[in-house]
Structures are given as structure tokens and as C-alpha cells.
Amino acid sequence: MTLKAVVIAGLVALASLGSALPALAQGGPLRLTITDGVIEPLPFAVPVFTAETAGAEGLAADISNLVAQDLTGTGLFREIPASAFISQMGPFGTPPSYPDWRAINAQAVIAGAVAVNGNQLTVKFRLYDIFTGAELGEGLQFAGTTQGWRRMAHKVADAAYSRITGELGYFDSRVVFVSEAGPKDNRQKRLAIMDYDGANVQFLTDSSSLVLAPRFSPDGNRVLYTSYESGFPRINILDVGSVTSRQLDTAPGEMAFSPRFSRDGSRVIYSLANGGNTDLYIGDIASGASTRLTSAPSIETAPSFSPDGSQIVFESDRSGGSQLYIMPVNGGEPRRISFGDGRYGTPVWSPRGDLVAFTKQNAGRFHIGVMRTDGSEERLLTSSFLDEGPTWSPNGRVLMFTRETQGAEGTSQLYSVDISGRNLKPVDLVGGASDPSWGPLQP
Amino acid sequence: MHMMTKIALIGLALATSACTRPDRFGGTDPIGTNPVAGQNAGGVSGGVSDPRSPQYFQQTVGDRVLFAVDTSTLSPQGIATLDGQANWLQTNADYLAIIEGHADEQGTREYNLALGARRANAVREYLMSKGIPSNRLRTVSYGKERPIEVCSNEACYAKNRRAVTVISIGQLS
Numbered sequence: 009m010t011l012k013a014v015v016i017a018g019l020v021a022l023a024s025l026g027s028a029l030p031a032l033a034q035g036g037p038l039r040l041t042i043t044d045g046v047i048e049p050l051p052f053a054v055p056v057f058t059a060e061t062a063g064a065e066g067l068a069a070d071i072s073n074l075v076a077q078d079l080t081g082t083g084l085f086r087e088i089p090a091s092a093f094i095s096q097m098g099p100f101g102t103p104p105s106y107p108d109w110r111a112i113n114a115q116a117v118i119a120g121a122v123a124v125n126g127n128q129l130t131v132k133f134r135l136y137d138i139f140t141g142a143e144l145g146e147g148l149q150f151a152g153t154t155q156g157w158r159r160m161a162h163k164v165a166d167a168a169y170s171r172i173t174g175e176l177g178y179f180d181s182r183v184v185f186v187s188e189a190g191p192k193d194n195r196q197k198r199l200a201i202m203d204y205d206g207a208n209v210q211f212l213t214d215s216s217s218l219v220l221a222p223r224f225s226p227d228g229n230r231v232l233y234t235s236y237e238s239g240f241p242r243i244n245i246l247d248v249g250s251v252t253s254r255q256l257d258t259a260p261g262e263m264a265f266s267p268r269f270s271r272d273g274s275r276v277i278y279s280l281a282n283g284g285n286t287d288l289y290i291g292d293i294a295s296g297a298s299t300r301l302t303s304a305p306s307i308e309t310a311p312s313f314s315p316d317g318s319q320i321v322f323e324s325d326r327s328g329g330s331q332l333y334i335m336p337v338n339g340g341e342p343r344r345i346s347f348g349d350g351r352y353g354t355p356v357w358s359p360r361g362d363l364v365a366f367t368k369q370n371a372g373r374f375h376i377g378v379m380r381t382d383g384s385e386e387r388l389l390t391s392s393f394l395d396e397g398p399t400w401s402p403n404g405r406v407l408m409f410t411r412e413t414q415g416a417e418g419t420s421q422l423y424s425v426d427i428s429g430r431n432l433k434p435v436d437l438v439g440g441a442s443d444p445s446w447g448p449l450q451p
Numbered sequence: 015m016h017m018m019t020k021i022a023l024i025g026l027a028l029a030t031s032a033c034t035r036p037d038r039f040g041g042t043d044p045i046g047t048n049p050v051a052g053q054n055a056g057g058v059s060g061g062v063s064d065p066r067s068p069q070y071f072q073q074t075v076g077d078r079v080l081f082a083v084d085t086s087t088l089s090p091q092g093i094a095t096l097d098g099q100a101n102w103l104q105t106n107a108d109y110l111a112i113i114e115g116h117a118d119e120q121g122t123r124e125y126n127l128a129l130g131a132r133r134a135n136a137v138r139e140y141l142m143s144k145g146i147p148s149n150r151l152r153t154v155s156y157g158k159e160r161p162i163e164v165c166s167n168e169a170c171y172a173k174n175r176r177a178v179t180v181i182s183i184g185q186l187s
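As given, the protein sequences belong to chains A and B, one line each in that order. Straight run, no breaks: the first sequence in the numbering used here ends on number 451. Straight run, no breaks: the second sequence in the numbering used here ends on number 187.
Bear in mind the hints are in silico, worked out from the structure with no lab data behind them. Where a beta carbon is used, it is the ideal one built from N, C-alpha and C, also for glycine. Hints may be right or wrong, so weigh each one.
Estimated spans, in silico, between C-beta atoms of each pair [to be verified]:
id, chain 1, residue 1, chain 2, residue 2, range
1, B, Gly61, A, Val251, 38 to 48 Å
2, A, Gly283, B, Asn101, 45 to 55 Å
3, B, Thr87, A, Gly340, 26 to 36 Å
4, A, Arg300, B, Ser143, 23 to 33 Å
5, B, Gln104, A, Arg326, 33 to 43 Å
6, A, Asn282, B, Gln104, 19 to 29 Å
7, A, Gly283, B, Pro90, 21 to 31 Å
8, A, Ser318, B, Arg66, 37 to 47 Å
9, A, Gly361, B, Ser143, 42 to 52 Å
10, A, Gly429, B, Asn149, 45 to 55 Å
Take these sequences, add in the hints, and give me the full structure.
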């Protein structure tokens, strides 16, 4: 689908949203600064959007509900129920009755209007800062098809989140993952893609051969994954739009796995096993030419690029148990960054570049954690029988990962948690799921 | 003569499946052949009592060796099993083997793939040291993807940390 966003009034361009906001001042404009401290969720209201055409009432209700759900789902916002409202909104564009909203402590009100013509859908919204008594940012209008109504709701929520926090949102994004079915000793796995909230699941492969650990390209148009289609682990690349895939050329070896895109999407870094020894290689996707990055008798796998593309973080058991290491992409001596108790794996560099998320295994438990890139300030965010494989939200605020329960009936589910350890919750999906890879905010 | 033809045809089918689909738990094998000795090779020879049969290899010689946590070191018991495998493969020179390396569920997915590769390779190298040509032996790792026991304690984990020698007649690609 195509989404078109236009500013309804004023001259502020969409690209300057957020950065145009003034800093927080006492009694100043609405602003929620996300910190690692305890946050009192910001109370807001989303009165049901106005239906501007006959028959648009259903979508208007669905869209306003989803906007509220996106925001409350972050754990940073608290929705004030409609039953508490003192006054209703007038026609779209009419400012709210500020005293009535102040009286119920609503700090932000999101007003919207929905029009449907055939399969064409238009959504407009405005955000009001109740305590300042002014609109926050400009009105925005999104146009698309009725089928894509969820994306338009996510766009509205992303704009509201961005204006209030000064950071990019992550609601209009997708996640590629492995959908699982069947018992533990006969599990069927297939690649699937979903909206960040678990909606709109689409399968990308059938379950005729084992697939593992997909990774989105930085633009979200392609997926790298490990496939047993040939009977042996090989790297496949899939075009999301056409749902066609091909096997990638790698250096010769018994098994190729653990592929990740470079930040410009032109290269792939992966693990290759030869004679039982696993090392890292980097290859050019177009030509298939590969260069070896590590040559050690230990296991080197699960690489991840730094945002500037100059370094990689990966896991290696060269010192005994698995630990995290950083090295320049062009070669050089790896520098160990993890030194705590237990074993560390699946490091993923944050989009902001300041943190590495990882899986930690210690004393019979698994954890998802984050540390700074020099290994300092390690924080464990979760603890369970088996948590693994974190992936970053596009704005670097949330991690999604796999949680598997124990025993014969054990199943895998996707969970998310924010980087302060708050707001741990399962992704709303039917059936088992593992190995999420979070794509970019969609244009 | 009739028997010879039959063997050749089955050999061809097994070779095809050995090259394309060693995943014996996939459940959707369209060919219906299965490179695991025992179920599908009955036409070739006479069952577990026949020392030349795949069933004999699987059940009497023993098709698997087990490993301690996070290691790929062969145990004395594993070496005894592999000596038997090497003898059998020497005697039955038309058989090829794919060695599957596996891990238990303690560990991350990709690390366990690498660990399974180490285990499969430990078996392959031992069989080669006993004179089995390298071109008859191929390895694959399933990491923690193919447990045979499903409980989450050491009794099951010990059986899942394994390398299984899966034999078939044909040529490895």
C-alpha cells in the first residue's frame, strides 16, 4: 500500500517533527522525557475520531482505538477512558474545551477524523497540549486504502509519540520471525512477517524445510535466513515484495548460517563451518565474493554491525565459555567486552550505537540484557527458563526476543521489554514464534 | 538379476534423498524415502539379525554417540561405538554416511548450530582415522532443532547431545 502524509495547516514539514519542539520547562509545553527512572505514565485521551463520511464510523472507532493501544502499549502513556470525559470534541479542527480536559487531568488529547470513499481512506489528526492550551505540532493527514487502516493508525500514534517524547516512534514497523507449530520433537518452522503488534501475519515460506533466524535488511525489503532446503544449512535471501528467495553464494564450507546485512544492505556477514570449526566471513551479495574475518579454532558466530558499519560485535568461545567481542570490519584483533558470570551470546548493536543487547546464560537461567559497547553498565532486563535472541525496535527503546517454556509441552513465544526492563509482555500472536528481527519504520 | 535391479533402484532413491533431504523429522518428505536405515531399507536385506543390514547398524552397532555439556570430546563409550561403526562401514563399502550433530536446548540457537558442527566433525574425523574415506562421510548440524527427548532436564538433555551416523546407499553430492 502507499501512504501519503500531508501537513494540513502551517508550514512545519514532517521531517522536522520532534526536533522543532522546545525543551521541557516548568509549566511549559507537553513533553515526556524517556529516562531509565520510574515513569508515571502520561495521561492522554483519544476521543473517537469523527466519521466525515457515511459509513466511516466503524473504521473511525477502530483507528482511534488502535492509536490509543499503540501509545498505552509503550508503558509510557495511560489512556483516560471515555466514561470520564466531561465534554466531547466538536467538528475536526475545533480546539477542545481545555478546562474540561484539565479537570480530568488529560495532558494530551488526540483528535481525528476519518473519511472513506470507495476503498480510499483518509485520516486526519491533531494533537492538543491541554495544560498549555495549544495545539502541539501541525495537523497531519494520511491517505491510503481502507485495507491499510492499521498502518494509518500506527502513523498517527508514531507522530503523537514523536511530538511528545522528541524521539522517533516504532509503531508503523514490521517484524520477520519464525512461525512454529507442532510438538517439540517434530516442530514445523516457517518464515513469517507481521506488524510490530502481531497483526497482519503473512507466511513467506512453507514448512517443507527447516528455516532459522531471519534478519531484515536495513530498508525492510529483503530478508536473510538460514535454510535447510538443500539438506544442509545454507543462507537464503528473500525479496519481501515478491516473496521469492534464492540461495546466496558463500565461501565453500560444510554449513553457512547466522547471516546479517551490512548497514547499506550490500554485504552479508555470516558464519561458515569447515571441519567442525565456525568462523566469520563477509560477502558481497551481488557478486558472492567473500572474505574471511576470523581464523580461530573457536566458535565465532552471531555477528552484528555497528550503526556506522565500521565494527562488528559477535560471540566467541575462544576464552572458554561464549563471550562478546568487538572487532573492526576490515580485520584486526577482537576486543572482549563481556566479563560477568555466565555465558553471553547473540549480541545486537543498538540503532543509536551506544548499547549492545545480548542473551546471557547463568546459573540455569537465561536473560536478555544490555551493556555499553565497552562492556560497562550491564543490566539484565529479563529472567526465565529460556530467553534468547533480542532485536531492537527502530528507535532503540524496546527489545523483542524469543521466550521458550520448559518441558515436553514447551512452546516459543515472542516477548518485548523496554530497555529499562519495564513493560515486559508477549506479542499477541496465534501459535508459536521465535527468532524475531525488527524492521525499520516504514516510509 | 531381478534382485540386482531392485537394489540399484532403491540405491538411486536413497541417494536422491540423501543429497536433498537428510532432515528425517521434516514430516513432509515428498519422496517418501528416508535415509535412516531401518524403516525403508527393508527391501535391501534381511532385518536386524542380518549383520549387513542397516537395521543391524542402527540397533546393534549403534548409530549414535553422546557428549557432555558444551563439549565435542568423544567418550570411551562413544569411541567403542565408533569403532563398531568404522568396522561396519569398512565391510559395507557401498554405504555412505551423513553424520548429524545435535545439541540440547541449553544454549542459543546459532551457538548450538556451531556446537553440533563440532560434534559431527569429531565423529567424522574419528571414522576417517579408522580408514573410512572422507568422501563417504558428510556432516550436518541441527543445533537444538531436533531433540529426540522433550523433557527439560538432564535425563533428556544427555540423549539430545548426540551425533547420529545416518547411512544410505548412493553418492554424496
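Violating hint indices (sorted, rising): Hints 2, 8 are the ones this structure does not satisfy, whereas the remaining hints hold.
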